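Take these sequences, add in the hints, and give me the full structure.
2 protein chains.
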Amino acid sequence: MKRVAICLLSGGLDSATALYVARNQGYEPIALSINYGQLHLKEIESAIRIAEHIRIEHQLVSVPLPWGGSALLDSNIPIPEERDASEIAQGIPSTYVPARNTIFLSLAASFAEVRGAEAIFIGANMLDYSGYPDCRPEYFRAFERLLEQGTKCGVEGKVIMINAPLVHSKKSEIIKLAVQLGVPLEWTWSCYKGNDAPCGVCDSCILRAKGFQEAGIQDPALISKNI
Amino acid sequence: MKRVAICLLSGGLDSATALYVARNQGYEPIALSINYGQLHLKEIESAIRIAEHIRIEHQLVSVPLPWGGSALLDSNIPIPEERDASEIAQGIPSTYVPARNTIFLSLAASFAEVRGAEAIFIGANMLDYSGYPDCRPEYFRAFERLLEQGTKCGVEGKVIMINAPLVHSKKSEIIKLAVQLGVPLEWTWSCYKGNDAPCGVCDSCILRAKGFQEAGIQDPALISKNI
Numbered sequence: 001m002k003r004v005a006i007c008l009l010s011g012g013l014d015s016a017t018a019l020y021v022a023r024n025q026g027y028e029p030i031a032l033s034i035n036y037g038q039l040h041l042k043e044i045e046s047a048i049r050i051a052e053h054i055r056i057e058h059q060l061v062s063v064p065l066p067w068g069g070s071a072l073l074d075s076n077i078p079i080p081e082e083r084d085a086s087e088i089a090q091g092i093p094s095t096y097v098p099a100r101n102t103i104f105l106s107l108a109a110s111f112a113e114v115r116g117a118e119a120i121f122i123g124a125n126m127l128d129y130s131g132y133p134d135c136r137p138e139y140f141r142a143f144e145r146l147l148e149q150g151t152k153c154g155v156e157g158k159v160i161m162i163n164a165p166l167v168h169s170k171k172s173e174i175i176k177l178a179v180q181l182g183v184p185l186e187w188t189w190s191c192y193k194g195n196d197a198p199c200g201v202c203d204s205c206i207l208r209a210k211g212f213q214e215a216g217i218q219d220p221a222l223i224s225k226n227i
Numbered sequence: 001m002k003r004v005a006i007c008l009l010s011g012g013l014d015s016a017t018a019l020y021v022a023r024n025q026g027y028e029p030i031a032l033s034i035n036y037g038q039l040h041l042k043e044i045e046s047a048i049r050i051a052e053h054i055r056i057e058h059q060l061v062s063v064p065l066p067w068g069g070s071a072l073l074d075s076n077i078p079i080p081e082e083r084d085a086s087e088i089a090q091g092i093p094s095t096y097v098p099a100r101n102t103i104f105l106s107l108a109a110s111f112a113e114v115r116g117a118e119a120i121f122i123g124a125n126m127l128d129y130s131g132y133p134d135c136r137p138e139y140f141r142a143f144e145r146l147l148e149q150g151t152k153c154g155v156e157g158k159v160i161m162i163n164a165p166l167v168h169s170k171k172s173e174i175i176k177l178a179v180q181l182g183v184p185l186e187w188t189w190s191c192y193k194g195n196d197a198p199c200g201v202c203d204s205c206i207l208r209a210k211g212f213q214e215a216g217i218q219d220p221a222l223i224s225k226n227i
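Chains as they are written, first to last, in the working numbering: chain E, 1 to 227; chain P, 1 to 227.
Any given hint might turn out to be false.
For identical chains, the list gives no copy identity; a pair is met inside one copy or between any two copies.
What the hints assert, rightly or not - List time: in silico SDA-like cross-link candidates among lysine to any residue, alpha-carbon distance up to 20 Å:
#1 LYS152 x ARG141
#2 LYS210 x ARG83
#3 LYS158 x GLY131
#4 LYS176 x ARG23
#5 LYS170 x GLY194
#6 LYS152 x GLY91
These aren't lab readings, by the way, just hints derived from the structure by calculation. Source: prediction; values computed, not measured.
See below:
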C-alpha cells in the first residue's frame, strides 16, 4: 500500500532536498507550494519545475498575508545584507515571517488529512537559522501534539508525522545529500530577492554560497547563469 | 495601554458573540474573516456588516482550500439534514473541514504577532459540536503551547492567549449573552448553505433554532426575513 507524504516545496535547496528524501524513503510525495505574498515569488517557478521534473502531483495554495511584518513581505523593510554566518545565526532577523511555518504546516495538515497522508515533510533546518523559532525539533513535536488533538484522524489515533529530515544538517551536508539524490540544484532558488539572478548578499545567498564552498561543489545555479 | 485582540469572525452567531465578549472585556478587537472556499460565503457579508457596525478594523484573508474533503467545500458531498441535536452530537459530520481551526488560528497568530495582540478570540463551542476535535479546550491549550515554541514573541516569553469564551456554553446561553451585549443577531448567518434565506434543515440551522427556542427568544434573523 502506498504511503503518501505531503511535501512542502518552496523551490529552495532545502525543501527540494527534503522532497527527494521523502521519495527516497519510499513515500509517494505530493508537493505543496504556498504563495504567502513573498516578494521572491520566483521560488514558486522553481517549485513547479522541480515537481514537473519528477512527475508528481503539485498543489499550489495562495494566501497573501496582508499584515506584512517581514522583510520578505514588505519592500519597505530592508533585507539584511553582507552578514557572515555567525552574524546570521544571532537573533531573529527581519526576514522572519510571523507564524509562517505554522500556517504552512496547518495547510499541509488539512491536505494530509484529506489525502490520508502519513507524513508531512518540511525542509527546515535549525543550524543556519537558529534564530527562527519555527525551525526547531521541539516546535515540530508541538505541532504533532496539536494534530493529535485537533484533527479527525488525530482523535481516531492516526498519526501525521512532521518530518524535518534536514533539521540538524549543515548546509554543506544538505548539498552533498542533494547531489547524491539527484536533486536538480541548478533550478532551486534561495535568494530572498526576486531578481533575475541571485543577489549574492542576502543571508540566504550567503549561506548557500558557504554551503557549496564547504561541500567543495560548484553551485550549478550560478554556473547555468554564468555568474 | 490598549490591549489588542484578534477576533476570528465568521459572521455566525457564535463568532459575533465572542467578538462582543472581547470588546466587553476591554480589548481593542480587530476582526479577521477567512474565505476558505466555503460554499456559504454569504457569512462573510455578515461579518463585514457586523465589523462596520461597531467600527473596528476588519481584515479579510482569502485561502481557498483546493483539496475539498468537506461538505462545506465540495457541493458533491451532502450536508446532513433534519438531524436532531442528539444525532448532531454523535461523531464527526461531513461538514468537518480538516484542520480548519488550525489554519484559522495560525493566520490569526501571524496577525497577532505583527500587531502585538495579547489574545486571539474564537467562537468555538464544544457542547453542540462534540464531534469537532478542534473545538475543545485541550486543543486550544495545545495551540498555545505551539505558539510558545514557534513564534518570535513566544520564545521571548510573550504569551498569545487563545480565548474561546463560549467553549462550554449551550447555544441558548450564547444567545442570551449576545442579546445582553447587543450583538446584532439579525445580521448573523449560521446556515451551511449559501441561499438567500436559512435552509432550516442543516445542523447549524437546527442548533440555532433549538437555541433560540430554549432561550425563549425569537430569532431576529428570521423575523427580519419574514420566515
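- [ ] Classify it for me, LYS152 with GLY91: is the Cα-Cα distance of at most 20 Å met within a copy, between copies, both or neither?
- [x] between (37 Å within a copy, 10 Å between copies)
- [ ] Tell me, please, which holds for LYS152 and ARG141 at an alpha-carbon limit of 20 Å: within, between, both or neither?
- [x] both (18 Å within a copy, 17 Å between copies)
Task: Identical-chain pair category, LYS176 with ARG23, by Cα at 20 Å - done: Cα proximity of LYS176 and ARG23: one copy only (17 Å, versus 55 Å across).
- [ ] At 20 Å max between alpha carbons, let me know whether LYS170 reaches GLY194 within a copy, between copies, both or neither.
- [x] Answer is neither: 25 Å inside a copy and 51 Å across each miss the 20 Å cutoff.
Open item on the list: One pair to classify: LYS158 and GLY131, alpha carbons no more than 20 Å apart. Within, between, both, or neither?
Closed with: So LYS158 and GLY131 pass the 20 Å test across copies only (16 Å; inside, 32 Å).
Open item on the list: Regarding LYS210 and ARG83, is the shortest C-alpha distance of 20 Å or less found within a copy, between copies, in both, or in neither?
Closed with: Within one copy only: 12 Å inside, 62 Å across.
In summary, the structure is inconsistent with hint 5 from the numbered list given earlier, while agreeing with all the others.
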